[in-house]
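Chemist: Below, each chain spelled out in residue letters.
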Amino acid sequence: MDFEQRFLAAMNHEEPDRVPVMGLIMDPATVNQILHRRGVDFPRMLRRPVLRGAVRRLLNANWYWNRMYYGNFAGALEGAIELGFDANWTIYASMQLEPDPESPIGLVWHDVFGRVWEMNSDDRGNMSVNYTRALCATEDLWEAWVAAKAPLFDRLIANATAFHRRLAREYGDRILPIGYAAPGIFENCWQAIGFVNFTKLVYEKPEFVKRVVAFHTDLYLRYIEGVMASGVEVVLGGDDLGQKTGPLLRPELIEKFFGESYRRVADLVHRNGKKLVFHSCGRIYELLDRFVDWGFDGIITMEPTAGMELGRVRAQVGHDLVLIGNLDVSQLLVRGTREQIEDAVKRAIRDAARGGGYVLSAAHSHPFVDPERLRWMVEAAHTHGRYPIAA
Amino acid sequence: MRDALVQKLGTALLELDKGAVMDAARGLAGDGPEGAKQGVDAVTAALATVGKRFQDGEWYMGELVYSGEIAKDVLDLLGPQLSGGAGTNLGVVAVGSVEGDLHDLGKNIFVNYARSSGFEIVDLGTDVSPAEFAGAVRKYRPVALGLSCLLTVCAGGIRQAIEELERQRLRDVAKIVIGGAALTEEFAREVGADAFAPDAVTGTEIIRGWDEA
Numbered sequence: 000m001d002f003e004q005r006f007l008a009a010m011n012h013e014e015p016d017r018v019p020v021m022g023l024i025m026d027p028a029t030v031n032q033i034l035h036r037r038g039v040d041f042p043r044m045l046r047r048p049v050l051r052g053a054v055r056r057l058l059n060a061n062w063y064w065n066r067m068y069y070g071n072f073a074g075a076l077e078g079a080i081e082l083g084f085d086a087n088w089t090i091y092a093s094m095q096l097e098p099d100p101e102s103p104i105g106l107v108w109h110d111v112f113g114r115v116w117e118m119n120s121d122d123r124g125n126m127s128v129n130y131t132r133a134l135c136a137t138e139d140l141w142e143a144w145v146a147a148k149a150p151l152f153d154r155l156i157a158n159a160t161a162f163h164r165r166l167a168r169e170y171g172d173r174i175l176p177i178g179y180a181a182p183g184i185f186e187n188c189w190q191a192i193g194f195v196n197f198t199k200l201v202y203e204k205p206e207f208v209k210r211v212v213a214f215h216t217d218l219y220l221r222y223i224e225g226v227m228a229s230g231v232e233v234v235l236g237g238d239d240l241g242q243k244t245g246p247l248l249r250p251e252l253i254e255k256f257f258g259e260s261y262r263r264v265a266d267l268v269h270r271n272g273k274k275l276v277f278h279s280c281g282r283i284y285e286l287l288d289r290f291v292d293w294g295f296d297g298i299i300t301m302e303p304t305a306g307m308e309l310g311r312v313r314a315q316v317g318h319d320l321v322l323i324g325n326l327d328v329s330q331l332l333v334r335g336t337r338e339q340i341e342d343a344v345k346r347a348i349r350d351a352a353r354g355g356g357y358v359l360s361a362a363h364s365h366p367f368v369d370p371e372r373l374r375w376m377v378e379a380a381h382t383h384g385r386y387p388i389a390a
Numbered sequence: 000m001r002d003a004l005v006q007k008l009g010t011a012l013l014e015l016d017k018g019a020v021m022d023a024a025r026g027l028a029g030d031g032p033e034g035a036k037q038g039v040d041a042v043t044a045a046l047a048t049v050g051k052r053f054q055d056g057e058w059y060m061g062e063l064v065y066s067g068e069i070a071k072d073v074l075d076l077l078g079p080q081l082s083g084g085a086g087t088n089l090g091v092v093a094v095g096s097v098e099g100d101l102h103d104l105g106k107n108i109f110v111n112y113a114r115s116s117g118f119e120i121v122d123l124g125t126d127v128s129p130a131e132f133a134g135a136v137r138k139y140r141p142v143a144l145g146l147s148c149l150l151t152v153c154a155g156g157i158r159q160a161i162e163e164l165e166r167q168r169l170r171d172v173a174k175i176v177i178g179g180a181a182l183t184e185e186f187a188r189e190v191g192a193d194a195f196a197p198d199a200v201t202g203t204e205i206i207r208g209w210d211e212a
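Quick mapping for you: the protein sequence lines, in order, are chains L and F. Take the first sequence: its position 195, counted from the start at 1, is 194 in numbering that gives the first Met the number 0, and no numbers get skipped. Take the second sequence: its position 94, counted from the start at 1, is 93 in numbering that gives the first Met the number 0, and no numbers get skipped.
Just so you know, the hints here were simulated from the structure itself, not pulled from any lab data. Quantities reported herein were computed from a predicted structural model and do not represent experimental measurements. Honestly, I wouldn't trust all of these hints.
[To be verified] Derived DSS-like pairs: lysine-lysine, alpha-carbon spacing no greater than 25 Å straight-line:
#1 F:K71 - F:K36
#2 L:K255 - L:K209
#3 F:K36 - F:K51
#4 F:K36 - F:K7
#5 L:K209 - F:K17
#6 F:K51 - L:K199
#7 F:K71 - F:K51
#8 L:K199 - L:K255
#9 L:K148 - L:K204
#10 F:K71 - L:K199
#11 F:K71 - F:K7
#12 F:K7 - F:K17
#13 L:K199 - F:K17
#14 L:K255 - F:K17
#15 F:K51 - F:K17
#16 L:K199 - F:K7
#17 L:K148 - L:K209
#18 F:K36 - F:K17
#19 L:K204 - F:K71
#20 L:K204 - L:K255
#21 F:K51 - F:K7
#22 L:K204 - F:K17
#23 L:K209 - L:K199
#24 F:K7 - L:K204
#25 F:K51 - F:K138
[Said to hold, decoys possible] Distance windows between CB atoms, simulated:
#26 L:E169 - F:D75: 51 to 59 Å
#27 F:D75 - L:W62: 34 to 42 Å
#28 L:P48 - F:G155: 22 to 30 Å
#29 L:M67 - F:D72: 39 to 47 Å
#30 F:V172 - L:R262: 38 to 46 Å
#31 F:K71 - L:E101: 21 to 29 Å
#32 F:V172 - L:K204: 28 to 36 Å
#33 L:P98 - F:K71: 46 to 54 Å
Glycine included, C-beta positions come from ideal geometry on N, C-alpha and C.
Just need the whole structure built from these sequences, with the hints factored in.
Modeler: Shown next as structure tokens:
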């Protein structure tokens, strides 16, 4: 079997030749380590007054942003191929650098949805970017934002389509790119408003929240059509619906505001003959049955530090969902021993891989995930993941 | 009349009925310091129930956050009516997100819940350096110091803050509780924190336990 047949067999709950392994490689720190490159330290350049203006203009140019961003993910796929993964996720984003006195650099990224992302770099010049706060705390601000950004949403979809298409064309013969349409509807709704404000609106102005959800659902359906147009076979959707101890919102509320949106996403993906995998961090046992009901084909992450156990998830959903992930990135894939990683891989395969329907992967990505340990994970999967799985 | 308002306030808060809560609070605010005090006590009691429901998995983060927001509005209304300032004071807790981490959602949920539960909170904000944490411990002598960290890449800031407290011989002044998506119980042990809190309610209960000890 080749990587694509192997992955798709698992997605169909059939037993492939061995358990497929998916990479979540995306952070420049990880990519640059694998490919022996040095990072381009944009945050450091932006701190220097003499370079600041020129670098900012460069990073705000659509063509350069796309080129830089494509380069990062081309490197991620090169790295994933180098380590022996069968598949790797690919995520498109589009942002603009804007002045912000609250930021240590004085500049932050604004995404088109209304979030602020802070950037930083490590001592090797690798940039990292993280969501920090909302730009549209009130109804008026949100309405004004989406009205002003309307042209950018069209550009986002066109750019994302071109990005995924090019990655699939240039790497699709060596690895399966999993097109991640991110962020998802839930995150696009609350993160532009802020969780506290969004929660208040859920209780106090539900009609406004429904309008926000409807807007982002329509946009997301167009976005995911663009990702599918690139030719990817498996589409990833994602929303962090959970936190360490449970769902962020009461499951009934998630159903009330977002259930129909998720059903429409799954229907669209299935009408195009593709599979839909859903990413959510956190402790989400209470949402698993809804994922099945909404029509998701699989879930990725199952965060072990939030108490997610593969065996328990499999017992709960059976083979109604493909399971992907669960290997710890807080300790195991940062500084675990080879033996610990091998044990974790064997345990994951034992708990979830019988009958197909399991793809081994890290639970998540972050810049401290160690490529050498990812390699050990892949090697252990190759050694212990051959079907039939031993009892 | 006062008893009815106090009961209405507590019940309505647990039903997340903000309108009814604020109606009752306004009634108690007009009833002088004793009415305000009983109103604040009712909020504290209701939040204890909120915390139990959250820890038992009956309530979710959204409900925890929204009840905390309502409680904050009540305390803003009743606080100035109290004759001796704020009501119950369980002690000072200093809290901040560690250096490099600009996230404050988890920290703010904790701040809101712990403050409404009776602790005096010194909120150090985000991107707090080890020296600033040490300075706050020296200045406020808190019951506990809370270190929040969402990002894995910033988790080293927890270790550095604790090392700075040790270097300045302040480690024994305050117990340290850490919390945030990037952290675990194991990490807390590794860096020498006194406790790990997976959520705001647990964090508040841990500190309450230290305070009562």
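Chemist: Please name the hints from earlier in the document that this structure breaks, with their numbers sorted from lowest to highest.
Modeler: 25, 27, 30, 32, 33
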